[in-house]
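K.L.:
Whole structure, please, built from the sequences with the hints as guidance.
Here's the letter readout for the chains.
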Amino acid sequence: MTKKSEHPDSRLFDYLNGKTEGAETRLIDEHLSGCDECASAAAVVRAMKNEASESEAPSNQHPDVSELASFFYSTQESVSSQVAGHIASCSSCAEAIAQYSAGERAALDYQVANGTRGEIPAKAWDLIREWEESSFAKLKPAGDVINRELLERLPRILKAQRSHAVSGTRDAQRVPVLVISGSGEVNSVEYFEESMDSSGTRVLKHTEGSARFDQRVVHAVFDAGGNEPVVISELIQSDTLRFEQAGRFEELRRANFFIIEE
Amino acid sequence: MADESAAGVELDRNWLDNLSDEELVDNFLARSTKDRRDAHLCFEVIIARYHWLISHVVRNSRYRFPAWDSADDVISRVIFKVYRGLAQWRRQGKLSSFIARIASSEMIDTIRRVGRDKSWNPRQSPADPDSDEPSPVERAASKEPSPEAQLVARERHEIVDRLLEDVCRDWKDSVIVNEYITGNKSGKEIAEKYNMSEDLVYQRARRLKVRLMNWLSERGITSAESLLTSTVAK
Chain X
16 MTKKSEHPDS RLFDYLNGKT EGAETRLIDE HLSGCDECAS AAAVVRAMKN EASESEAPSN
76 QHPDVSELAS FFYSTQESVS SQVAGHIASC SSCAEAIAQY SAGERAALDY QVANGTRGEI
136 PAKAWDLIRE WEESSFAKLK PAGDVINREL LERLPRILKA QRSHAVSGTR DAQRVPVLVI
196 SGSGEVNSVE YFEESMDSSG TRVLKHTEGS ARFDQRVVHA VFDAGGNEPV VISELIQSDT
256 LRFEQAGRFE ELRRANFFII EE
Chain U
104 MADESAAGVE LDRNWLDNLS DEELVDNFLA RSTKDRRDAH LCFEVIIARY HWLISHVVRN
164 SRYRFPAWDS ADDVISRVIF KVYRGLAQWR RQGKLSSFIA RIASSEMIDT IRRVGRDKSW
224 NPRQSPADPD SDEPSPVERA ASKEPSPEAQ LVARERHEIV DRLLEDVCRD WKDSVIVNEY
284 ITGNKSGKEI AEKYNMSEDL VYQRARRLKV RLMNWLSERG ITSAESLLTS TVAK
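Listed in order, the protein sequences are those of chains X and U. Everything in the first sequence is counted per the working numbering, starting at 16 for the first residue and increasing by one. Everything in the second sequence is counted per the working numbering, starting at 104 for the first residue and increasing by one.
Hints should not be assumed to be uniformly reliable.
[What the hints assert, rightly or not] Once the Cα atoms are required to be at most 27 Å apart in a straight line, the calculated DSSO-like pairs of lysine-lysine come out as:
| no. | chain 1 | residue 1 | chain 2 | residue 2 |
| --- | --- | --- | --- | --- |
| 1 | X | Lys-174 | X | Lys-138 |
| 2 | X | Lys-138 | U | Lys-137 |
| 3 | X | Lys-174 | X | Lys-155 |
| 4 | X | Lys-155 | U | Lys-137 |
| 5 | X | Lys-64 | U | Lys-197 |
| 6 | X | Lys-138 | X | Lys-64 |
| 7 | U | Lys-275 | U | Lys-296 |
| 8 | U | Lys-291 | U | Lys-275 |
| 9 | U | Lys-197 | U | Lys-296 |
| 10 | U | Lys-296 | X | Lys-34 |
| 11 | X | Lys-64 | U | Lys-137 |
| 12 | U | Lys-291 | X | Lys-34 |
| 13 | X | Lys-64 | X | Lys-155 |
| 14 | X | Lys-64 | U | Lys-275 |
| 15 | U | Lys-197 | U | Lys-275 |
| 16 | X | Lys-34 | U | Lys-275 |
Please keep in mind that the hints were generated in silico from the structure rather than gathered at the bench.
P.N.:
So this is what it looks like as structure tokens:
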């Protein structure tokens with residue numbers, strides 16, 4: 016009786032991709048003919064390879080760039096099994112991970128040299144100045160944005176909404192945005208998924224994904240310790256709100272969001 | 104020189120050059136809401152330190168940009184996003200990592216935007232709009248499978264998706280499975296592409312095979328055929 020060779024655990028995938036040669040290939044061939052476990056693993060991997068060659072995820076099913084970045088930079092296991100599973104079968108997202116890996120390698124190896132001088136391009140200054148001058152994304156007294164009547168009614172409306180959210184099954188990742196009339200009637204409550212993008216910007220994405228609120232302004236109101244609440248506003252673009260300045264105002268985490276429907 | 108760490112004191116470029124990254128970013132943030140000119144000066148020093156890294160990450164990328172969006176444009180957008188996002192830098196990580204992450208994200212975002220722009224196809228010359236010839240789309244035979252076949256295919260995808268979600272624990276697992284299954288690569292090629300050691304790739308491959316076998320055995324799956332039928336893995 017011949018002694019069974021070791022399972023080719025680490026080399027099985029190379030073998031199945033034709034990346035082994037000569038004696039090693041023969042050894043694995045022999046092993047597979049006598050080991051049901053490895054033969055079954057090989058058959059399953061072959062079936063998955065066939066399956067993969069027939070499918071590629073549509074572009075609208077890829078994780079957001081922020082999700083990919085969080086997944087790559089996370090130090091915890093199993094942060095998102097869905098993202099992990101998607102990348103395992105999606106070539107373009109695997110390419111994105113290769114990009115993060117190359118960037119991270121360059122960053123870890125990088126040493127700032129003495130006397131290094133790299134100038135900021137004029138185009139970057141244009142973007143910075145345009146953003147700084149933008150009327151959005153700046154804190155304003157609530158009275159500058161909301162009419163007096165609505166401003167007086169707003170605390171009561173928001174309080175009612177909060178108690179409704181507490182009694183319901185509110186998901187921490189889902190942020191309610193009230194759609195209210197100029198006189199304070201609540202017309203509907205829309206839900207947005209909350210996440211952070213790669214630069215730490217707070218991102219809210221409309222769960223419905225219908226784009227019907229695109230180009231509408233969402234106001235975030237919160238108490239910053241003054242006499243009057245303050246407001247920060249952003250446009251919804253492609254179902255997404257990006258609070259670029261939000262990181263500078265921890266209070267925004269306690270904000271209530273609403274759209275005024277004229 | 105007097106302490107210039109607080110906002111409101113005129114800044115000296117040489118003094119800023121000698122600050123650590125943390126001190127420089129603190130100065131930038133403290134001044135950004137009070138004196139924009141000083142904040143800009145702090146930011147100039149930050150970019151002077153890291154411009155080479157941004158340029159390296161963008162210009163050495165695996166991605167190629169269309170002519171209307173040059174590497175210089177991408178670099179400008181990265182610098183803008185660094186400016187906008189500096190308050191989010193978590194100090195336990197290096198500033199270089201934070202900046203490289205923004206640069207990589209911007210490139211991926213750019214390539215995805217290009218992909219969504221159907222008017223841009225890098226492999227095809229523009230079609231003549233006045234031509235009477237049928238377009239490639241019109242010439243193509245319908246490859247739409249029957250509803251039954253679509254249902255079977257969807258169920259098979261779902262089973263494989265579930266398996267992959269359960270077996271892959273982090274990005275290294277995911278890319279190793281991807282490159283073995285869809286990329287037909289060897290462990291050595293995977294190691295080079297993703298900046299991992301070969302030992303690590305083979306160690307992970309061994310663990311992945313064990314997890315795969317456990318997943319199958321827990322569900323009583325003994326063959327590739329039974330894996331891809333809709334009655335298992337629910």
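K.L.:
If you check each hint against the structure, which ones fail?
P.N.:
Hint check: 1, 5, 6, 11, 13 fail, others pass.
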